[in-house]
Amino acid sequence: MHSSTRGGRSPLAHYDSIFKTYYHQNLECGPAKLYLEDALKSLFVPAYYIFLKDSRSELRTRYALNALFMFVVTALSIILFSLGSEAVSSDVLSGILWVVIFFSSMSGLSRTFVSEEERGTVATLQLLTRPTPVYVGKLIFNFFLTLSLNVVISLLYLLLINNFVIQSPAIFWTTIVLGSAAIASASTIIAAIIAKANTKGTLYPVLSFPIMLPLLMTVMNATRLATEGAFFAEALGEFQILISYTVVITTASIVLFEYVWKD
Amino acid sequence: MKQITLSIESISKEFNRRIIFENISFSLSQKDSLAITGRNGSGKSTLAKILCGLLTPTKGKISLSMNEKEIPAADIHRHIGLVSPYITMYDEFSGMENLLVFAHIRNLGSAADGDPERLLRQFGIYERRNDEVRTYSSGMKQRLKYAAAMLHHPEILILDEPTANLDEEGAATVHKLMRVQTGVGILIIATNDAKDLKFAVHNIDLNKVNSVA
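Respectively, the protein sequence lines represent chains A and B. Residue numbering for the first sequence follows this note's numbering, starting at 1 and increasing by one per position. Residue numbering for the second sequence follows this note's numbering, starting at 1001 and increasing by one per position.
Please note that the accuracy of each hint is not assured.
[Said to hold, decoys possible] Just a sample of chain A residues kept apart from chain B, beta carbon distances all over 12 Å, derived:
no., residue
1, Leu43
2, Asn66
3, Asn221
[As the list claims (entries may be wrong)] Now the stretches of chain B that chain A is said to cover, found in silico as 3 or more residues with beta-carbon under 8 Å:
no., segment
4, 1011-1021
5, 1087-1094
6, 1102-1108
7, 1180-1188
Since the hints were made in silico from the structure, they are not lab data. Virtual Cβ for every residue (Gly too), placed ideally from N, Cα, C.
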């Protein structure tokens, strides 16, 4: 019996090659690709929904927003009254800006874990997903909260403090974004640790200060460069430190968080 | 069909050097049911927390296997549903929002389509699904906990004080659920209520710390 051929090959050989291609794509390379996709999905999908849950919860309860807003208004008013018409150098003003940002962050960022602990929803969350997506979701939430807070503080500071003039806006706003990421990465893991403690309020800034000291010195330097009108390239060293700090703290936090989150 | 086995090997729990219980061992498989009984403070809730991974035992090992393949400790939550007084819903969200948030965080995707509505109807709180949980009575909150626990169709259902805060109708729904669970998976209840104990074949009395095979 004669069978038709395609390009000199039998139909059997043709289907065999299709099968081999399918096997190669879906069974040899496929599982590794699928495994990676699954791993990313099981991390980022829950993390994204934890971020959405926290954002919606914050907009309804205003646990952190009220505390942050009150602190910023009070701190800026005191600075404004105490400076009066004094001509203060931009070095000092850069430092004061980051003092306000540091203590504002301390007054609100711990809420992300403390509110779960106080409301008794920790066990609920522990039963829903692995620890890492919880940490990543809270980190994303804290990053956006810190970034919005820092943008508001910076704009108010620029408007209210006469001597504080930014000559290099690119350096200044890059510092604000990278500084927010660094503050969020450090404050999230510290918040998770202190949420289990009895003296949450006092412990948070006390624990945070030594961990954030290198970060604060870097952002103050970068802000000073922005006020002096330095070129963007001159601040690259500071930005590298901020990125490295964020990467190191976030990586260490992901490893540590599993032990902090469970009893 | 999935064959699930929960094995507990010589677990003990201490809090600040105070021994709550020690050397508890048992193994449960598909269609098994276990009651954990004992007076107040005997460690019923502590044992329930250890079984679902919320607490780690001071000594001993817990393993969960599906078709003889061990499930990593980090994934145990996918197979367990827990209803307990220490589980709290998000007060600022409605009942429906709570279930949707849980389904998304569990990454159930389309698998959960329609389940929140079905479960809210099953536990009799569908009419109040859009009200904030802070306005619910304690019985309604308990019903919502059941809906949340059943969202991912768990193979193991752990109920700590299953009918606490429930009226007769609510208790009947829970008893029906317990009956169904004993036919398809593993049921563990921590209670001293005689009406609930009827649904368990095995029993651990923490006053005596008996172990079952």
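(message) So, against the hints stated earlier in the document, which numbers end up violated here?
(response) As far as the earlier hints go, 1, 4 and 7 are violated by this structure, in ascending order.
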